[in-house]
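Asks: Just so you know, the sequences run in chain order A and B.
Under numbering that gives the first Met the number 0, the letters of the first sequence match residues 0 to 155, in that order.
Under numbering that gives the first Met the number 0, the letters of the second sequence match residues 0 to 296, in that order.
Please note that a few of the clues may not be correct.
Listed next, with one range per pair, are the computed distances between beta-carbon atoms [claimed, not checked]: (1) B:G72 / A:A6: 31 to 41 Å; (2) B:I96 / A:S60: 30 to 40 Å; (3) B:N160 / A:E49: 47 to 57 Å; (4) B:R135 / A:K17: 20 to 30 Å.
Hint data in this document are derived by calculation from the structure and do not stem from the laboratory.
Small disclaimer: the values here were computed from a predicted structure and weren't measured.
C-beta: ideal position from N, C-alpha, C; glycine also.
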Amino acid sequence: MGSRISAKRLTKELTELKTNGPPTGCTLIQADDLECWVVSLQVLGESVYEGEEFALRFKFSSSYPIDSPEVTFVNCPERGWKAPVHPHIYTNGHICASVLGSGWSPVLNVASLLLTFQSMLASCKKKELPPDNDRYVRTAPSNPKQTRFVYHDDDV
Amino acid sequence: MSSDNSQLPLDQRKLSDLTDYEVASLTQELKAEEASKRPLVGEVEPLERLSDEYKNETFLAKIASLQRDSWTGLRRLRGDGDCFYRAFAFSYLERLIPLPPSAAQLALAKVESLLPLLDQAGFQKDIYDDFYEPLRDLLLALGPDSKLPRPTATSLHASFNDTETSNAIIVFLRLLTSAFLRANADDFTPFLFGLEDDPRFMLEGGAPTMDQFCSFHVEAVNKEADHIQITALTRALSVYTRIAYLDQSGAPPGGFGAGAGENGDVKVDFVEFEGESEEKLNGALLYRPGHYDVLYR
Numbered sequence: 000m001g002s003r004i005s006a007k008r009l010t011k012e013l014t015e016l017k018t019n020g021p022p023t024g025c026t027l028i029q030a031d032d033l034e035c036w037v038v039s040l041q042v043l044g045e046s047v048y049e050g051e052e053f054a055l056r057f058k059f060s061s062s063y064p065i066d067s068p069e070v071t072f073v074n075c076p077e078r079g080w081k082a083p084v085h086p087h088i089y090t091n092g093h094i095c096a097s098v099l100g101s102g103w104s105p106v107l108n109v110a111s112l113l114l115t116f117q118s119m120l121a122s123c124k125k126k127e128l129p130p131d132n133d134r135y136v137r138t139a140p141s142n143p144k145q146t147r148f149v150y151h152d153d154d155v
Numbered sequence: 000m001s002s003d004n005s006q007l008p009l010d011q012r013k014l015s016d017l018t019d020y021e022v023a024s025l026t027q028e029l030k031a032e033e034a035s036k037r038p039l040v041g042e043v044e045p046l047e048r049l050s051d052e053y054k055n056e057t058f059l060a061k062i063a064s065l066q067r068d069s070w071t072g073l074r075r076l077r078g079d080g081d082c083f084y085r086a087f088a089f090s091y092l093e094r095l096i097p098l099p100p101s102a103a104q105l106a107l108a109k110v111e112s113l114l115p116l117l118d119q120a121g122f123q124k125d126i127y128d129d130f131y132e133p134l135r136d137l138l139l140a141l142g143p144d145s146k147l148p149r150p151t152a153t154s155l156h157a158s159f160n161d162t163e164t165s166n167a168i169i170v171f172l173r174l175l176t177s178a179f180l181r182a183n184a185d186d187f188t189p190f191l192f193g194l195e196d197d198p199r200f201m202l203e204g205g206a207p208t209m210d211q212f213c214s215f216h217v218e219a220v221n222k223e224a225d226h227i228q229i230t231a232l233t234r235a236l237s238v239y240t241r242i243a244y245l246d247q248s249g250a251p252p253g254g255f256g257a258g259a260g261e262n263g264d265v266k267v268d269f270v271e272f273e274g275e276s277e278e279k280l281n282g283a284l285l286y287r288p289g290h291y292d293v294l295y296r
């Protein structure tokens, strides 16, 4: 019985995304598997990422939404997707954001995360990699939820 | 990113290099890891077993004083950041079992009356309904119109050890707490304080806003409840709750009454939330630093 709430919530979220659409600038690319979705994302208005398209992969465990989803930026040259150059986003697509860790709450959902990442990118003034990018990418676990990020100046 | 090694896992860094905030995060992580092996809610066991675990004289004297006061049983809860909410919810529902079904009906009406606060707080009905359902079903089953068998202490214990039921109830109580705090922000904001070097609240001079407090310390899974959350939840539901503070000090945090009686006789402080008990209640929560269990007599 481990996944009643999880399946119920994901079905609701998916129906909502399909009927009313995701936030402006985002497109649901893939959700054939209820536990793994891909959503493309563009930053609206003027920003250092103008004209670029990114994609986020969401993986949900059976304890979603009590537990946060695993969210990473997709690197897929065929589709032209690359993780954005941003001080809190590693080149392997991992994101250092408290909203995916200790700041997660079960009332958040895919749509609210998409808005959060859009605004995280929109507010970036300068494209810079995290200072410890190389070391992190060398040693990072494949699932970013296993990394104990220390969140700094962001409140996302 | 501050110091050079700040991206190393917390447990690989020198404790002295960590800020208070990081130490608190690490402590919570380690506790959660260790706790994941215990049942969410244990069976009632004799209180005297607790004496076997302590060498500290203050603790032993306080346990003895509880026993003299005829507190004899203890139900242990898993030591994760949810233990207050879980202990509260379990004890709240367990106390309804021997009462007439109208008591559960009243309790359900109270909860229903609070739902508009959740909407006001900006929680979507679609989202909170999933978390509300298990609590509502238990209250309905304890009520007068139930066609289901009436829950017993045993079946309640089983429900609370079903991770999904248990966690949904906790999330719902967290949302109620948060909604009540937000709706009464004027009363509660003066009591907010942040861990001084929590980087998220630096800009605001150390104290979080009610919105930040609710997102990070109430709604977030696994965040422990402090006095302010306990006050809000018990007040929202109008549920009389008392907590026995089994700690080192003479008085619990906040300084209610004196711990040490005459002749150095140590007594346990009971802190009451939400008014006076109208009847002699046989339930209480037991607080030990960082943890809550259920106490029986």
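Asks: Take the hints in turn and mark each one as holding or not.
Replies: Now for the hints, and whether the structure bears them out:
Look at B:G72 against A:A6: about 38 Å separates their beta carbons, and that is inside 31 to 41 Å. Our hint of 30 to 40 Å for B:I96 and A:S60 holds, since their Cβ atoms are close to 34 Å apart. At roughly 53 Å, the beta carbons of B:N160 and A:E49 sit within the given window of 47 to 57 Å. Between B:R135 and A:K17 the C-beta distance comes to about 29 Å, which sits within the given range of 20 to 30 Å.
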